[in-house]
Every structure is written in structure tokens, then in C-alpha cells.
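With chain D held as given, fit chain G onto it using these hints.
Number of protein chains: 2
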Amino acid sequence: PFVLQLDEISLWPLPQKFQSSAVAFKLSPGSFQIVHAKQSSAGPSCSILVNAFRRYFEYMFGDLKKHEKSRKKVYDSDLAELQVWITSFCSLCVDELSVDEPSAVLKAANVWGALRGLETFSQLVYRDDYGANNINKTDISDFPRFAHRGILLDSSRHFLPLKVILANLEAMAMNKFNVFHWHIVDDPSFPYMSRTFPDLSQKGAYHPFTHVYTPSDVKMVIEFARMRGIRVIPEFDTPGHTQSWGNGQLNLLTPCYSGSSPSGTFGPVNPILNSSYDFMTQFFKEISTVFPDAYIHLGGDEVDFSCWKSNPDIKKFMVQQGFGTDYSKLESFYIQRLLDIVAATKKGYMVWQEVFDNGVKLKDDTVVEVWIGNKMEEELQNVTGAGFTTILSAPWYLDYISYGQDWQRYYKVEPLNFPGTDAQKKLVIGGEACLWGEYVDATNLTPRLWPRASAVAERLWSDKSVTDVGNAYKRLVQHRCRMVKRGIPAEPLFVGHCRQEYMGL
Amino acid sequence: PFVLQLDEISLWPLPQKFQSSAVAFKLSPGSFQIVHAKQSSAGPSCSILVNAFRRYFEYMFGDLKKHEKSRKKVYDSDLAELQVWITSFCSLCVDELSVDEPSAVLKAANVWGALRGLETFSQLVYRDDYGANNINKTDISDFPRFAHRGILLDSSRHFLPLKVILANLEAMAMNKFNVFHWHIVDDPSFPYMSRTFPDLSQKGAYHPFTHVYTPSDVKMVIEFARMRGIRVIPEFDTPGHTQSWGNGQLNLLTPCYSGSSPSGTFGPVNPILNSSYDFMTQFFKEISTVFPDAYIHLGGDEVDFSCWKSNPDIKKFMVQQGFGTDYSKLESFYIQRLLDIVAATKKGYMVWQEVFDNGVKLKDDTVVEVWIGNKMEEELQNVTGAGFTTILSAPWYLDYISYGQDWQRYYKVEPLNFPGTDAQKKLVIGGEACLWGEYVDATNLTPRLWPRASAVAERLWSDKSVTDVGNAYKRLVQHRCRMVKRGIPAEPLFVGHCRQEYMGL
Chain D
1 PFVLQLDEIS
11 LWPLPQKFQS
21 SAVAFKLSPG
31 SFQIVHAKQS
41 SAGPSCSILV
51 NAFRRYFEYM
61 FGDLKKHEKS
71 RKKVYDSDLA
81 ELQVWITSFC
91 SLCVDELSVD
101 EPSAVLKAAN
111 VWGALRGLET
121 FSQLVYRDDY
131 GANNINKTDI
141 SDFPRFAHRG
151 ILLDSSRHFL
161 PLKVILANLE
171 AMAMNKFNVF
181 HWHIVDDPSF
191 PYMSRTFPDL
201 SQKGAYHPFT
211 HVYTPSDVKM
221 VIEFARMRGI
231 RVIPEFDTPG
241 HTQSWGNGQL
251 NLLTPCYSGS
261 SPSGTFGPVN
271 PILNSSYDFM
281 TQFFKEISTV
291 FPDAYIHLGG
301 DEVDFSCWKS
311 NPDIKKFMVQ
321 QGFGTDYSKL
331 ESFYIQRLLD
341 IVAATKKGYM
351 VWQEVFDNGV
361 KLKDDTVVEV
371 WIGNKMEEEL
381 QNVTGAGFTT
391 ILSAPWYLDY
401 ISYGQDWQRY
411 YKVEPLNFPG
421 TDAQKKLVIG
431 GEACLWGEYV
441 DATNLTPRLW
451 PRASAVAERL
461 WSDKSVTDVG
471 NAYKRLVQHR
481 CRMVKRGIPA
491 EPLFVGHCRQ
501 EYMGL
Chain G
1 PFVLQLDEIS
11 LWPLPQKFQS
21 SAVAFKLSPG
31 SFQIVHAKQS
41 SAGPSCSILV
51 NAFRRYFEYM
61 FGDLKKHEKS
71 RKKVYDSDLA
81 ELQVWITSFC
91 SLCVDELSVD
101 EPSAVLKAAN
111 VWGALRGLET
121 FSQLVYRDDY
131 GANNINKTDI
141 SDFPRFAHRG
151 ILLDSSRHFL
161 PLKVILANLE
171 AMAMNKFNVF
181 HWHIVDDPSF
191 PYMSRTFPDL
201 SQKGAYHPFT
211 HVYTPSDVKM
221 VIEFARMRGI
231 RVIPEFDTPG
241 HTQSWGNGQL
251 NLLTPCYSGS
261 SPSGTFGPVN
271 PILNSSYDFM
281 TQFFKEISTV
291 FPDAYIHLGG
301 DEVDFSCWKS
311 NPDIKKFMVQ
321 QGFGTDYSKL
331 ESFYIQRLLD
341 IVAATKKGYM
351 VWQEVFDNGV
361 KLKDDTVVEV
371 WIGNKMEEEL
381 QNVTGAGFTT
391 ILSAPWYLDY
401 ISYGQDWQRY
411 YKVEPLNFPG
421 TDAQKKLVIG
431 GEACLWGEYV
441 DATNLTPRLW
451 PRASAVAERL
461 WSDKSVTDVG
471 NAYKRLVQHR
481 CRMVKRGIPA
491 EPLFVGHCRQ
501 EYMGL
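Protein chains in written order, with the UniProt record's numbering: chain D, 1 to 505; chain G, 1 to 505.
Treat the hints as calculated values from the structure; they're not laboratory data. Just to be clear, a hint being listed does not mean it is correct.
Note that identical chains are pooled: a pair holds if it fits in a single copy or bridges any two copies.
Unchecked claim - No more than 35 Å apart at the CA atoms, straight line, and that leaves these computed lysine-lysine pairs for DSBU-like: (1) K426 - K363; (2) K347 - K464; (3) K203 - K474; (4) K26 - K203.
Source: prediction; values computed, not measured.
Just chain D, same shape as in the assembly (with noise of 0.2 Å):
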């Protein structure tokens, strides 16, 4: 019963179940409303919803001139509303989405089922020869195939101003993303602003002032993407990746040595300091306060042990835990105890692959991500089979680039193509496209990652049997072209056009 009809819309990404027919409402931008059901258990104070109406309204007749919008005049074949019905109760969890006569009804559990079916239908207007907004009857039933839908930006190896990060939030809300992984700091610069050790970034930061993120930024981000449905979670990661947290916080960092004495230069945290951890337990729980998701990223990937290596207090205190020449064991030693001082603040936790890999000892909620290409399917074999949940961002490192479509081998990656159990394949609560900043800033970040994170999008919400990439190429197309109508400067997929070109530059 999936009769597409692709010439006239082209939802992205594809519903779960899809039905529509010939019949076309019309839809006057004059008089059509987005409404809260009767029955819905939200009304107008519900702030999420009020302002996705009309972010969704200004979506579908926003470009409209004035006298358009005044037209009063309601036809009987005019498709008069959309109710959204807030239901409360989750038994399947499913969604539904039926335009028909007189009023459409949108159907959802709770608020951010809601904002996706919005964006939903806001994709099934479509505009007629004449220029008129059509809206054929449909039903659709929706649900995410993964829950944790990610996109992760690197604001450290360039700063991204925040106009750049909230016009990634509303690329990502139009392709139903619902994590937004920030990976906030790292080697190059420290732009987070901390009110505990304001250092860090006055230190830290490419510049104090201008390419910082302030508490007021920071808010704001998160404020952003709560309206569309994002969590953001934030990655402190350590102990390595660390060097620009060492200008601002005195022995934090490990002294190198070059052959008895200090080279000058830092290695990962110092992990054998009381010290260390002490402010590890201050930072933390200021984290733990300024962002509200659950769960905060703690990193944990790609440490250098050549600078422990060198430095005679680590190799002695090597020798006294017993660690012999395995420092790993010694990497392994410095996450147990940051796990246990972020577990104190209540937080889960996610962390790169190597630290369930080096035996650290998890929290049972812990969430692995994998990410190293090379062996993925083992990887995700052996987290899920240790019972860990996890999420696959190995496929989609959309930092490298290569010429042609490169959009259709993210599109064809299978995340439960591993060997393992029903039960394991339970544990892959989803995936997260991850561009990283080494080449990205605010010049070309956006159209480089949009359309093609939108391959994984799909690859995260559809089902699993919605693989043609034929059928995807013909809805991307409109897709992109749907982004850049709306601002978003997304790449084009090919030779080709859209009805209303990028207007910025």
C-alpha cells in the first residue's frame, strides 16, 4: 500500500508507513491554522509546540506575499486545519499523521513525536501549477527505527560561530536528527566559557572574547535545539586531546620529559595527581548543571602514551600500582576514577570505543560509541555481547571527502550487519554522522554536511528494507532543494536545479 508519488512530494526521511491518494486538499495560508486537538493533553503553554507551529507555518507559506496570506475565503475543498494531538500514552509508541477532509490530525505520544510529525507534514505540501498549496490525503503511521539520531560538530579545530550551530540544528530538525554531539573542545582551542575556572577559555580559547562560547551561548544552543527536539550532549573528552585545557589550568596536563629533564611541552591529564581529579570533580559538576540531557560525553579516545612514557614520576607510579609497561592500564586507571566522579553527578555517560576496549570498568547505562572503521562489526559485536548499548559513527566521518556522490555509501550502511543476538542488536540504540573541524569552519561547514549527513538520517529513522537508491536519489534531490528553500545552503546532489536557488553567497 505505498503509493508514492514522487513527483509532487518527497518526504526524507521515509515514513515508516506511507499511504496517500490522488485526492488533493487546497490550503490557504489565509485562513489554514496549526491547532491543538481537543482532546490533546498540551495547549498553549506548551512553548515547544506554540513555536513549532509557527516555524512550521512560516516553512509552508512563509515566502507567500502578504495579500496571499490575507485571503480569507475558505473553499469546500479546502483542508481547513491541522490538529496536533498531544496523547500522552505510548503503547507501540506509534504516531500517526491522516490528512482528510475537513481537518488533518496529527497524532503523537508526547511533544517531540509531535515535532517530527510537523515537519512531516510540512513536507507534504507541495505547490500546484498555479502556485496553490496542495496537500493530497494521506495516512501515515511513524516511529524511529534507531532512538538516538546524532550529528556531531567540533567547535574546537575551528570555531563555529553560534548562527552556524543553530542553522545546523534547524538543518538537523528537518532530517529528524535528535542528538546534537558537541564535541565543544579540544587540542587546538578551548572555547567553552567555564564559570569555575574562567581560565580555560580566557587561556584557552583561539581569542578570549570573540571565538569563546559564553554561559548565554551556551543556553541559548540548548534552548535551540530543546524547541526542535535535540538534546545536546556535550564532550569533554580526556585524557587526551587536552593540550589547550593545559594553558589555563597550571599541572593539569603531564610534563614531557627529553631525556632527565622537563622538554616543555604537555602530555594527556596527569593522571597520578590528587590534583587532577580534584578539578576534574569541580568541572564536572559544573557541566553536570549547565547541560540538562542525562548524559555528557567524556571522550576517552586516541591517547598518547609517549609523554607518560618519558616522565619519571608516572613511570614510578607505574611501578607501585603494578601496571609494569602497560599504559593502557594506567589510561584505564585515570577513566575509572573520572567515570566515578561524573557518575556521582548523577550523569550517564557515553566515551569513545577504546575505553570499553582497554577494560574499563562501565556503568551498566553506559553508552559505547564505535567509531574506529576498521573492524566495526567486531567492535559492535563485543560491546552489545559485554551488554553495553552503543552507537555507530564508524561509517559516517563526513570530514573526508572524495569526489562524486558520496552520499549513496552512507546511505547503504546496515548498523545491525554484525553478528550477534536479537538481544544485541537491541543494544544499537542508533548512530551519529560526525564532521570533524580540521577543514570545516563557518565558510563551508554547512553545505558540506548537508545533504550528506541527510543519507544517514534516513538511514537512522526509515526502515530497514528502505535501501533503494534510485527512489532516495529522486526524494534527496527535493530534499536538498526543500533545506535550501528554507535557508539552508545544502550541496547539490548533481547536475541539476531547484525552483529557488541559495539566495545568500
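For chain G alone, kept in the frame of chain D given last:
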């Protein structure tokens, strides 16, 4: 005697001769002036200079607050003015810029040299720690190594809004490019609005109103380019790459056959009909008046013979002409007549290398563009050996992207690195960076082109000996930030930041 102070200034492309001292002068935006030198043969009636004075004043001081510009007080150590002296005399054609008290003097043989010198002067100005504008005592002698320094943009595979073209002309001037090779039409669309044959765009553009270049648009591009010392060479590529022409011009293209009947598809321009040549005569008569440059690019690349081979009339013609089954002879037959048609308009022409390779008789002043990467050196040897001028684009197809700093690959090319006499080397008059349009449009073209094309700019301008990639990196990092500051979204080379990040989206 090259004393580069890379922390402060970052000239790009590097001038031929450069000497600076630590002595710095201040520039007060409130009193500093760019003026015509008393001896100059140009004055206030020279709109190219008047426009350029304003443009470079804006680049240097445009971001300053009003009160900073209004400070009129002049100090002893101030640089009062830049005198621009057009000598209208070119012995060695070396332009000179001398920055010293109380005035800087830019001595150029003509306005085009003055434009390059103004760019150089603006690149010498830097902000000190207090935000004051400084310029060091400097002497520069400069001239371009190659005369033809081009950028090819393709407005057929994707329509490029005027705004995008103009912005890239601005970026070209910042990099001392002087030729805009406008690959304006091709198979997918015909956006050029012809006065003689309006149906070509009416039926061949992506959209007859929104996706076309009107005569006024074309004029604007030419004038905008002229103000910046940039020639506009339009390319109307035939007989291949002409699918879009066929929509608006009946019987122009060859009907392809499937067995004994027409298949409904069309091939290259039909070379056996007089009507084809009548059309070309009228068409290029218009083009020769619309575009003032002395050259037109006539294409001639990648002609697919399969359609010609299928057509019985063509086959009959081949026999009549005694071409046997060598369809490159038919191609040459067409091109030869086309070249004669264009020659009659008094224009010179450029062609892609195939035209030369196929042995077409070319006018002495033809420019052959070498674009095929394979056996490039051999081709340069052959073309120049036959006495033709040539430009090189083969190593600079910037539409091919890859992860990392591919600008270094473009930078390392030595255009004269082929076997040949000095006389042959002299026939290489330059090169072009080509950004074909399959994967770029308004959303991503500008950051994809810059600063990658800047690598080509320096190769074509600076001395052959300027090959130090490390030094180039340091200057190019600053040059790209300068472009960003001037409103061009030039992408980053690698990890880092600009004092002023890109403010657009």
C-alpha cells in the same frame, strides 16, 4: 634582499621583487588618501581607478568605526597618501610600488598594473597591537610571470546567480587573476539569453525567467570584471556539449537513429546542414558584439561520434566527402567552418586541445587550452612545437576534491616543465583553474574555489623560484583570512582561526 616579515604581512601572490624594512608608518583612515599622481596620465575621469580607489579604501578601512575614520589629526610618522602614477609607458613593463615618507608611490604602465599594485598596497597594511593601521617602508617591483591567469566557472550544470559570479570576480581580483572563462552553456541548460535566438534560453534554460542571464546581467558581469582588470571570455562549446541548444533551435542537432528510424534523441550539432552554419553565423555575430574581449572560446572538446555513426544522412555525407569512417574528419570539417565564421567577426578564438589534436587548420593567434591530464607535457610540446600559444588547465581541475590540503598539489605544478625550446616555452601564456559545475552551485561554489585557486594564482603570477610550500602555507593562511574579512567565504586550509571569522552562513 627579500626581507619577509610574515607575522605582519602576507602578500599573495608574492611579488617579483620585494624589499621591506622594520620602519613602520601609520595610516590614519581620517586623513589617508589615494590620489592620482601629478605626473599621471590618468585622472578623476578614469572610472576604473576611481572605483578601485574606493574599493581598496574600503578593504583597508571599511570595518573601522565612524569616529576612527573622522580623526583628522596627522602625525609625523604618518603615511599621508598613496599616489598612483600611470606612466603610459612600458619599457620592461615592471610596475613599482614604493612606500616611504611622506607618500607612497605606485608607478604603473597602465591602469591594469595599477589595479594589481593597489591590491599589493592593501595587502601591506596591517593592524598593530593597538588596532592602528601600519605599513612598513617597502619597495616592490612587480609583473606577472604569465599573461593569462584564468578561472573557469560553469553556469550550465548548475545555474549560478549573478551574486555568486560577482563575488568570485572580487575574489579573483584579490588573487590577481585576470581572465574569467565563462563556460556559460552546456548540455544541461542554456542560461544565456540571446537576442537573436530567444528560444535558446526560453526553452533551454532550467527556467526561462529565474535561471537565465539577461543581456543586462551579462553587461553587468563584463563591467564588474572590467573594473577589476578581468577579461570575460565566454565559451560556447560546439559541436558536442550542446544538448540544451536543441530545445530552442530546431534541426540544429543531429538526429540519432536506432536501426533505420530516428530514435528521438539527438547528438552533436548537425555538421552536414547549411542551416547549422547559418545559425552559427548569426549566433556568433551576436556573441562577438555582446562580449568585448578579443577572444571567444569555441570549445570543441569531447565530441561523441556514436550518434553521427547511427545517422544514414551523415554516413552518406562521409562517403561523399571521402572521410571513410574517420569521424574526427567530420568533426574537423565542422570546426573548420565554424572557425572561419568566427574569424569573420574579427575575434580571436580559444579551443580545447582536441581541435588541435585533430589537425584542424587554426589561425596563427589561436589559443589552445590543454586540459587532458594524461600526456600533458607531450601535448604542450606538440602545441607549442606547432607554433601555437597555449594555456594549461589540466593540473587544475578544482572540481575534483579530496581530503586534505590539495592546494599543495596545485601549487607544485611547473607549467613550463616540458621538453621544448625557449621559443616554445614563451608560447605558454598562462593557465586556468577550472571549477566544473557537476557538484557546485550557489551553496558551495565559493568556499570550494577559494583558497584552492589561490595556489594557481601564485603559480601563474610569481617567479618560477617561488616554490616553498611551508612559506606559502603561512602566507596563504593569512591571505584566506583576508578574503574572509573582505566577505569571501574562503574555506580554511587547516586547523586554526581568523581574527574575523566569516559572518555569513
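Hint by hint, here is what the structure shows:
1. In the homo-oligomer, the alpha carbons of K426 and K363 lie at most 35 Å apart inside one protomer (18 Å), although the nearest pairing across protomers, at 72 Å, exceeds that limit.
2. When the C-alpha separation of K347 and K464 is checked against a cutoff of 35 Å, the pair qualifies only within one copy, where the shortest distance is 32 Å, while the shortest distance between copies is 60 Å.
3. With identical chains, the CA atoms of K203 and K474 are at most 35 Å apart between copies only, with a shortest distance of 23 Å across copies and 49 Å within one.
4. In this assembly of identical chains, the alpha carbons of K26 and K203 lie at most 35 Å apart only when taken from different copies (30 Å versus 58 Å within one copy).
Of the numbered hints stated above, none is contradicted by the structure.
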